[in-house]
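Novice: Sequence:
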Amino acid sequence: MAPFKAHSVLPGFNLALGFTLLYLSLLVLIPLSSLFFKTATLGWDGFWEVATGDRVLASLRVTFVASFAAAVLNAIFGLVVAWVLVRYTFPGKRLVDALVDLPFALPTAVAGITLAMLYAPNGWIGHYFAEHDIKIAYTPLGIVVALTFIGLPFVVRTVQPVLADVEAEIEEAAASLGASRWDVFRRVIFPSIYPALLTGFALAFARSIGEYGSVIFIAGNMPFISEIAPLLIVAKLEQYDYAGATAIALVMLIISFALLLAINGLQWWSNRREIR
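Mapping of the sequence shown onto my numbering: residues 1 to 276, in sequence order.
Treat the hints with caution; some may be incorrect.
[To be verified] Ranges between beta-carbon positions, derived for each pair:
#, residue 1, residue 2, range
1, 266, 165, 17 to 25 Å
2, 43, 122, 44 to 52 Å
3, 98, 131, 32 to 40 Å
4, 101, 210, 18 to 26 Å
5, 266, 131, 23 to 31 Å
6, 87, 262, 29 to 37 Å
Read the hints as simulated data drawn from the structure, not as lab findings. Because the structure is a prediction, the values reported are computed rather than measured. C-beta: ideal position from N, C-alpha, C; glycine also.
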């Protein structure tokens, strides 16, 4: 008798795998490979000259430092927002929950113009800081503000469902055994949501690295001070220096991949530690 074979409404493995590889090739592998091929026309010496230029290094430093700072802020305050939305009931909760997704729907250029107007020295918010000689718009601090705005939903939407699945009975049991609220959060809740929080941090960080539209209006775009790497790539393209633009993009790709690989490795190590 022939062995029983389970049927599925989904396509077979061969068809699904072929479609997956084709989809990834068209959207990911081929564009990335063209990046390498175009950069290769510079040769190693030409690539190194572009990648280690003072202006390029300064823009990369501004990009990655601001992106990391924004991702850290999003991890902290995104956790707070997710906690409030999951654990409390208050008037206007649905409105607040919907506003979290606003950066997803709002065009980045509109967000950049709005933030620049708000945080300019004569803006609604910026003038309060200007009174204390703190300038936000047109400085690296303005870049962090813009990147925090566009990255917040990644942390909230990643942590929110995991936090909702944490059973209240476990917290009550810990509290009944004499654990303080801080101990309950640190020993019971945080280990459960830590992988999701780290994932949200990685997504916000990755999103911030490549952000362009919301940053250029508030950054000031001053070389060596507030110029981001994506803007420098656009400037190279406008000068028809395609090889130079792809060289900078390749450097960003390598650094981003290494950082994300390190974050995923940390998440894998944390999961293994919890299993043990």
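Novice: Next step is simple, just say for each hint if it's right about the structure.
Specialist: So, going through the hints one by one against the coordinates:
1. The supplied range of 17 to 25 Å is met by residue 266 and residue 165, whose beta-carbon atoms lie about 22 Å from each other.
2. Remark: the range hint 44 to 52 Å for residue 43 to residue 122 is upheld by a beta-carbon distance near 49 Å.
3. Between residue 98 and residue 131, the C-beta spacing of about 34 Å keeps the proposed range 32 to 40 Å intact.
4. The hint said 18 to 26 Å for the Cβ distance between residue 101 and residue 210, and at roughly 20 Å that hint holds.
5. In this structure the supplied range 23 to 31 Å is violated for residue 266 paired with residue 131, their Cβ-Cβ distance being about 42 Å.
6. For residue 87 and residue 262, the hinted distance range of 29 to 37 Å is satisfied, since their beta carbons lie about 32 Å from each other.
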